[in-house]
Amino acid sequence: MESHSIRLATKEDAPAILSLIQELADFEKEPQEVTITVETLIEDGWTKNRFICWVAEVDSKVVGIALCYFSYSTWKGTCLYLEDLYVQPQHRSKRIGMSLMTTCIKYAKENNLARVSWQALDWNKPAIDFYEKIGASMLNEWLNFRIFNAQFGTYLDKYDVAK
Numbered sequence: 001m002e003s004h005s006i007r008l009a010t011k012e013d014a015p016a017i018l019s020l021i022q023e024l025a026d027f028e029k030e031p032q033e034v035t036i037t038v039e040t041l042i043e044d045g046w047t048k049n050r051f052i053c054w055v056a057e058v059d060s061k062v063v064g065i066a067l068c069y070f071s072y073s074t075w076k077g078t079c080l081y082l083e084d085l086y087v088q089p090q091h092r093s094k095r096i097g098m099s100l101m102t103t104c105i106k107y108a109k110e111n112n113l114a115r116v117s118w119q120a121l122d123w124n125k126p127a128i129d130f131y132e133k134i135g136a137s138m139l140n141e142w143l144n145f146r147i148f149n150a151q152f153g154t155y156l157d158k159y160d161v162a163k
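By UniProt numbering, the letter at position 32 of the sequence shown is numbered 32, and the numbering carries on one by one without gaps.
Listed next, with one range per pair, are the computed distances between beta-carbon atoms:
| no. | residue 1 | residue 2 | range |
| --- | --- | --- | --- |
| 1 | V34 | P126 | 18 to 24 Å |
| 2 | N144 | E2 | 34 to 40 Å |
| 3 | E141 | I105 | 21 to 27 Å |
| 4 | F70 | I128 | 23 to 29 Å |
| 5 | F70 | A127 | 21 to 27 Å |
| 6 | Q90 | L156 | 44 to 50 Å |
| 7 | A150 | W75 | 30 to 36 Å |
Source of the hints: derived by calculation from the structure; they are not laboratory data.
If you're wondering where the values come from, they're calculated on a predicted model, not measured in any experiment.
Every residue gets a Cβ at the ideal spot worked out from N, C-alpha and C, and that includes glycine.
Starting from the given sequences, assemble the full structure and let the hints guide the process.
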């Protein structure tokens with residue numbers, strides 16, 4: 001098994017992180033949805049501290065990421081949300097994903113966070129199998145909703161009672 005290491009990402013990793021985000025979007029059949037730039041990643045992650053990211057390295061090359069941010073449960077308190085867990089295909093089945101996940105769980109435990117949450121696409125059976133293997137609970141009764149940036153204006157025109 002090839003040796004890997006996990007470390008907290010630095011802003012110098014932003015290009016590699018963005019590349020892996022694009023690979024993940026390609027895998028999820030949404031390649032056009034990645035509009036973020038390296039500059040925005042740097043600003044959000046290392047200037048505004050809006051997320052935490054760990055990288056997995058093999059031979060000094062970034063091959064995986066776990067990108068998280070804080071969320072809040074009114075029932076439980078501060079939580080960690082795992083936005084992206086991704087390992088390049090050629091480096092899978094080598095415990096790199098497990099190492100990244102373990103790093104997130106350790107961080108949550110050390111910081112007394114209430115939980116770590118994430119999503120998986122219903123067709124991504126390898127991911128679902130991995131999450132079930134590690135003992136994660138699948139919350140089938142919860143549905144996700146979003147209003148995208150392009151819809152903000154329409155929403156506000158229709159529902160903003162302050163105007």
